[in-house]
Amino acid sequence: DAGVTQSPTHLIKTRGQQVTLRCSPISGHKSVSWYQQVLGQGPQFIFQYYEKEERGRGNFPDRFSARQFPNYSSELNVNALLLGDSALYLCASSLVWDTDYEQYFGPGTRLTVT
Amino acid sequence: QQQVKQSPQSLIVQKGGIPIINCAYENTAFDYFPWYQQFPGKGPALLIAIRPDVSEKKEGRFTISFNKSAKQFSLHIMDSQPGDSATYFCAATSSNDYKLSFGAGTTVTVRA
Numbered sequence: 018d019a020g021v022t023q024s025p026t027h028l029i030k031t032r033g034q035q036v037t038l039r040c041s042p043i044s045g046h047k048s049v050s051w052y053q054q055v056l057g058q059g060p061q062f063i064f065q066y067y068e069k070e071e072r073g074r075g076n077f078p079d080r081f082s083a084r085q086f087p088n089y090s091s092e093l094n095v096n097a098l099l100l101g102d103s104a105l106y107l108c109a110s111s112l113v114w115d116t117d118y119e120q121y122f123g124p125g126t127r128l129t130v131t
Numbered sequence: 307q308q309q310v311k312q313s314p315q316s317l318i319v320q321k322g323g324i325p326i327i328n329c330a331y332e333n334t335a336f337d338y339f340p341w342y343q344q345f346p347g348k349g350p351a352l353l354i355a356i357r358p359d360v361s362e363k364k365e366g367r368f369t370i371s372f373n374k375s376a377k378q379f380s381l382h383i384m385d386s387q388p389g390d391s392a393t394y395f396c397a398a399t400s401s402n403d404y405k406l407s408f409g410a411g412t413t414v415t416v417r418a
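Chains as they are written, first to last, in the numbering used here: chain A, 18 to 131; chain B, 307 to 418.
Next comes chain B alone, as it looks inside the complex:
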């Protein structure tokens, strides 16, 4: 069973738009939530991560919002560029085992 549910499956935005990807989890033992970016034919690359004691984290044009009570977190890509077109995965893990549970992925297309 999928421990992390991710939506939408795909989305298309114009350059400069803000794609938003949402994830939800059930396991309250999860205490680290990374986002990975994957280009075709490549392995996932760590983009940004957040822990549940913080409600928001920004790194460059990427922002994670975290809602601990709702067990939800999301990725916003500000001022999106065509080079941001990729598949994005949310994931979660805990200090119990450090194994990553991934969402199903969101394919983002940024049109020029």
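So that you can see chain A by itself, here it is in the shape it has in the complex:
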């Protein structure tokens, strides 16, 4: 069975640009969460989606947005990129949102902002 997949693997952008990251959850999983992992730190929660609705948002600016599609895949968008947005962006999926604790992570997208 395929795990969580993310694309692209690596991305280099310039300050001020916009970026879209994509995630496909494990088959059968309906909830997707996004995390930002800065080098040398633990992942920080950005968003959680279930059945196309936002169920949670972390302490990130409005430049960060996301959405979930009917097939449960998800996109994370970041506008007006800053150097500090350079990080590994992780997607995690879980079976449902409100009764399932176990989250499974994808390999991440490494974003470098220059």
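Heads up, some of the hints might be wrong.
Said to hold, decoys possible - Taking beta-carbon pairs under 10 Å as the criterion, some of the chain A residues facing chain B (in silico):
(1) G20
(2) Q23
(3) S50
(4) Q54
(5) G57
(6) P60
(7) Q61
(8) R72
(9) L107
(10) C108
(11) S111
(12) Q120
(13) Y121
(14) P124
Unchecked claim - Far from chain B, some chain A residues (derived; all Cβ distances over 12 Å):
(15) L28
(16) G33
(17) Q35
(18) G45
(19) E68
(20) D79
(21) S82
(22) F86
(23) N88
(24) A97
(25) T129
(26) V130
(27) T131
If you are wondering where the hints come from, they were derived from the structure by calculation, not from laboratory data.
Keep in mind it's a predicted model, so treat the numbers as computed, not measured.
We put the beta carbon where it would ideally sit given N, CA and C, even for glycine.
Put chain B on the given structure of chain A with help from the hints.
Frame of chain A; chain B shown alone:
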């Protein structure tokens, strides 16, 4: 502010040794405590998890100890092997929101 404090930042053990990683939390709403293992260039992989109604849980060579009154939990890696060399993260979440709060990570190196 970091809701889960993890220590040490790094540790080195010989093969067969028992690395111990400690975590502490303040939020009493937390009711699920997973540990993740992360290799360079990979996403975190769920290793083992515990709920506060249990004081210890073992899965293979990995053991979690949980002290609810002290709001602390720890990971022990028994008979550690060089393949266990990785960064380990403790995390916590609650049934209020199911979002994971991670510790800062511990880099474990097991020397052959």
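The hints, checked one at a time:
| no. | hint | in the structure |
| --- | --- | --- |
| 1 | G20 | holds (9 Å) |
| 2 | Q23 | holds (8 Å) |
| 3 | S50 | holds (7 Å) |
| 4 | Q54 | holds (8 Å) |
| 5 | G57 | holds (8 Å) |
| 6 | P60 | holds (5 Å) |
| 7 | Q61 | holds (7 Å) |
| 8 | R72 | holds (8 Å) |
| 9 | L107 | holds (5 Å) |
| 10 | C108 | holds (8 Å) |
| 11 | S111 | holds (8 Å) |
| 12 | Q120 | holds (6 Å) |
| 13 | Y121 | holds (6 Å) |
| 14 | P124 | holds (5 Å) |
| 15 | L28 | holds (15 Å) |
| 16 | G33 | holds (28 Å) |
| 17 | Q35 | holds (24 Å) |
| 18 | G45 | holds (16 Å) |
| 19 | E68 | holds (14 Å) |
| 20 | D79 | holds (19 Å) |
| 21 | S82 | holds (17 Å) |
| 22 | F86 | holds (21 Å) |
| 23 | N88 | holds (21 Å) |
| 24 | A97 | holds (25 Å) |
| 25 | T129 | holds (14 Å) |
| 26 | V130 | holds (19 Å) |
| 27 | T131 | holds (20 Å) |
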